[in-house]
Amino acid sequence: EAQVTQNPRYLITVTGKKLTVTCSQNMNHEYMSWYRQDPGLGLRQIYYSMNVEVTDKGDVPEGYKVSRKEKRNFPLILESPSPNQTSLYFCASSSPSRGNTEAFFGQGTRLTVV
Amino acid sequence: AQSVTQLDSQVPVFEEAPVELRCNYSSSVSVYLFWYVQYPNQGLQLLLKYLSGSTLVKGINGFEAEFNKSQTSFHLRKPSVHISDTAEYFCAVRRGETSGSRLTFGEGTQLTVNP
Chain X
1 EAQVTQNPRY LITVTGKKLT VTCSQNMNHE YMSWYRQDPG LGLRQIYYSM NVEVTDKGDV
61 PEGYKVSRKE KRNFPLILES PSPNQTSLYF CASSSPSRGN TEAFFGQGTR LTVV
Chain Z
1 AQSVTQLDSQ VPVFEEAPVE LRCNYSSSVS VYLFWYVQYP NQGLQLLLKY LSGSTLVKGI
61 NGFEAEFNKS QTSFHLRKPS VHISDTAEYF CAVRRGETSG SRLTFGEGTQ LTVNP
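Quick mapping for you: the protein sequence lines, in order, are chains X and Z.
Sequential numbering of the first sequence, starting at 1, is according to the working numbering.
Sequential numbering of the second sequence, starting at 1, is according to the working numbering.
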């Protein structure tokens, strides 16, 4: 089954404690992205990757890092989380070879930073 | 730069009534347009998309949308809603080129269908 898998689904952490949210896709997609969803703001892109070792900032990259060492994985790293990073995070993947069509989304990771 | 505005944050309707969720976009280049639905505690699922061709696009679950280039709108419609359509709906735009993967989303519209 084609899917984007995020882990964990729920995470509560303390300010300053480094964490990683993993994202993996099994569709051999070149493009992967991270979004955060906040009430009244919709989804905002944090980082995206056009292929292995190619990443770029989205609209709200401050406080986040990403890496793309393998095509299927695109982890999101919070080196020193702060309460304003409490949010719902989504990973997505897509492929330009399919005519720049839809993005496939993971189930989301709800992060709470206290 | 591109932006998306969903004109209604909340839309309450009664079951079997028609509904329209409004979306306007701004972009200096041609775009691809999408509507996604998010059911409670789930990820986003594609409802429909406009890439080119016919301006009336049909999607899943009986939804359709019309691309209006002159009004830069992509409103979502359904002639008769069900309780199960209660969800949050997002309009999104992607620039019409193959480079980059940036989807710009609207703020979302919460559709609540009441019995």
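No lab work stands behind these hints: they were computed from the structure.
Note that the structure is a prediction, hence the values are computed from the model and not measured.
Where hints are given, some of them may not hold.
[Claimed, not checked] Label-pair restraints from in silico Cβ distances:
#1 X:T86 x Z:S26: 40 to 48 Å
#2 X:K69 x Z:E64: 37 to 45 Å
#3 Z:A17 x X:M27: 21 to 29 Å
#4 Z:P115 x X:E53: 31 to 39 Å
#5 X:K17 x Z:A17: 27 to 35 Å
#6 Z:G53 x X:E53: 15 to 23 Å
#7 X:S82 x Z:G53: 21 to 29 Å
[Claimed, not checked] To give a feel for the contact side, a few chain Z residues facing chain X, derived at Cβ under 10 Å:
#8 Q6
#9 L7
#10 P18
#11 R22
#12 N24
#13 Y25
#14 N41
#15 G43
#16 A87
#17 F90
#18 L103
#19 F105
Ideal placement from N, C-alpha and C gives every residue a C-beta, glycine not left out.
Status of each hint after checking the structure:
no. : hint                       : in the structure
1   : X:T86 x Z:S26: 40 to 48 Å  : violated, 30 Å
2   : X:K69 x Z:E64: 37 to 45 Å  : holds, 42 Å
3   : Z:A17 x X:M27: 21 to 29 Å  : violated, 38 Å
4   : Z:P115 x X:E53: 31 to 39 Å : violated, 53 Å
5   : X:K17 x Z:A17: 27 to 35 Å  : violated, 49 Å
6   : Z:G53 x X:E53: 15 to 23 Å  : violated, 36 Å
7   : X:S82 x Z:G53: 21 to 29 Å  : violated, 46 Å
8   : Q6                         : holds, 8 Å
9   : L7                         : violated, 13 Å
10  : P18                        : violated, 24 Å
11  : R22                        : violated, 14 Å
12  : N24                        : violated, 14 Å
13  : Y25                        : violated, 13 Å
14  : N41                        : holds, 8 Å
15  : G43                        : holds, 4 Å
16  : A87                        : violated, 14 Å
17  : F90                        : holds, 6 Å
18  : L103                       : holds, 6 Å
19  : F105                       : holds, 4 Å
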